[in-house]
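Visitor: Each chain, letter by letter, is given below.
Number of protein chains: 2
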Amino acid sequence: MSTTMQQAVLRAPLDHTPQAGDFALVETARPECPEGGVLVRLSHVSMDPYVGARLRGRHMGEAAPEPLREAIPGHGVGAVEESRCAIPEGAMVHMMGAGWRDYAPALEGDVRVIAPGALSASVFLSALGMPGLTAWAGMTQLAKVTDGDVVLIDAAAGAVGGAAGQIARARGAAKVIGIAGGAEKSALVRESYGFDACIDYRAEGWRDALAEAAAGGISVHFENVSSEILTLALTHMKPYGRAVLCGLAAHYHSDAPAPGIPFGLIIGKRASLHGLVVYDFYDRWDEFLAECQPLAEAGRLVIAEDIADGLAEAPAVFERLMAGRNRGKALIAL
Amino acid sequence: MSTTMQQAVLRAPLDHTPQAGDFALVETARPECPEGGVLVRLSHVSMDPYVGARLRGRHMGEAAPEPLREAIPGHGVGAVEESRCAIPEGAMVHMMGAGWRDYAPALEGDVRVIAPGALSASVFLSALGMPGLTAWAGMTQLAKVTDGDVVLIDAAAGAVGGAAGQIARARGAAKVIGIAGGAEKSALVRESYGFDACIDYRAEGWRDALAEAAAGGISVHFENVSSEILTLALTHMKPYGRAVLCGLAAHYHSDAPAPGIPFGLIIGKRASLHGLVVYDFYDRWDEFLAECQPLAEAGRLVIAEDIADGLAEAPAVFERLMAGRNRGKALIAL
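Residue numbers (the working numbering), protein chains in the order written: chain A, -8 to 325; chain B, -8 to 325.
Note that these hints are calculated values from the structure, not bench results.
A few of these clues could be false.
Restricting the straight-line Cα-Cα distance to at most 30 Å, the calculated cross-link-like pairs of lysine-lysine (BS3-like) are [unchecked claim]:
#1 Lys260(A) / Lys260(B)
#2 Lys229(B) / Lys229(A)
#3 Lys229(B) / Lys260(A)
#4 Lys260(B) / Lys229(A)
#5 Lys229(B) / Lys135(A)
As the structure is a prediction and not an experimental result, all values here were calculated from the model.
Chain A on its own, in the form it takes in the complex (with noise of 0.2 Å):
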């Protein structure tokens, strides 16, 4: 067993969207396995489009890490190499607090032992992951989708959006419709995720696509880009229906505030909005797991990978996602 470890962190303190360049690769000392806990060797490493915002540290409230001294954060998956609790050495766990490095040590309360099956660990950061988690979230707690809904989900080529639609349509949508940039992306979303229309927002005559996707009206809409995206979603619903407010990606690195929500669209369309933050629901995984989990073996439930193969690749493949060039969930394999 090595005693040493690899860690990506920053060089330096973050004052603009992160690039390649901004990072860098060190070796320390391996760490210890702690009294009730377990040391993980990760076998795959997440990269998360929020940790733009977070190295900034313009996520939640939360510190960005401290450059060349701690890791950039990312959940992981891996094996049990030592314990010194009741999970076995061998098994496979999920920990929210891995980052990018190949060990993590973590208590036993901040581990999951997942049981892959003859899936890849890696789905637990992607379509079993806290993407799925998101979209589970969305779909079936706050937008409650039932049979018969018309659902629209934009950057419906990222693991949430992907995913959301996936478990709309295994919850009884009527038609999924997705918006994402590009005409590689909308295939995706199309082919692999099953939607039945996906609108490239980069096409000409987009909104015009859109709008003939949407006639007749959505009843539901998930909202991962800006408010501008909700607003023409807004315009598109059916009486009564419901947004959920998940993410602004396209505002992450912007210092103006996003454009607000127009007050008399939601009233003149008796709309109902649901804001999503999906910490609150990591109690639920167990719940999320049973319904998804099934879906996923059944191949009802796909996300597209983008891996990065070691540490050493994280940071280009990083500074693809944060330019929106990344084709699924983006990953880290150790």
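Fit chain B to the known structure of chain A by using the hints.
Guide: Same frame as chain A, but now just chain B:
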């Protein structure tokens, strides 16, 4: 029986906030009782804030009344003077399409028989009329107020806001806080409507007073005024609070769009926002009255009335309503 009808009309098309001088009184032939309907001798007619926008053709796409010919819109109550349907003469009825006039014809399906008992018939235009229905729909059907809720309501001295607070209380709210303009209105809200507190937004330091009254957080907000107040209310909201978006009184006469509602605040508070259009609840009158008429009879749902004595006095009272200087529900007694 009189063979003529008095009615209040616009002198000319309007393009400004209505003032007393914009109205005229005209006398025409008394309408006939329609086949399958009734002719109602109105005893009270409502003056409604939204009519300020309606008179300029700016409410829900409805046309303004034709100058010199069509009565100003208002709901009415009165006794059936002639009947050509199953409703007996002498029955008391409520009707939407009354207008500012002393006689109104209506088809049987367009009136609702009421049983005022010991209550004044005018109550069916305030606490048990459209304002009450609006309040009931917002509090019980959208916000679903229940035991322990802390409820904030603006325009609390108005009929909708005043009724909303009293209905919330009857449903078990732990605390009801109002916002109103001026010391006199605030006293009405506290003393007659029984709110726990009422913040006078015209007083120095009112934002601090609100923060103090709302310490610990509100769980429900009922918005009648502006997106600025809604935004302020959201800052005082507990996680998973609910807001009902009912009206934008502050913007009825503005040509500028109301500022939007901050997206990030909705997410941060995990708030749910619900647009309310009272028209959707017309078919729930029986349910509303079953809950609220006993409250009114018990003195637990009271709305002050600001009554114009006759059509001649109505324009001045309406101008006061437009300026926010009315005290309670504005009505015309005929």
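Visitor: Each of the hints needs a verdict: does it hold here or not?
Guide: Checked hints:
{"no.": "1", "hint": "Lys260(A) / Lys260(B)", "verdict": "holds (22 Å)"}
{"no.": "2", "hint": "Lys229(B) / Lys229(A)", "verdict": "holds (29 Å)"}
{"no.": "3", "hint": "Lys229(B) / Lys260(A)", "verdict": "holds (25 Å)"}
{"no.": "4", "hint": "Lys260(B) / Lys229(A)", "verdict": "holds (25 Å)"}
{"no.": "5", "hint": "Lys229(B) / Lys135(A)", "verdict": "holds (22 Å)"}
Checked against the numbered hints given earlier, this structure breaks none of them.
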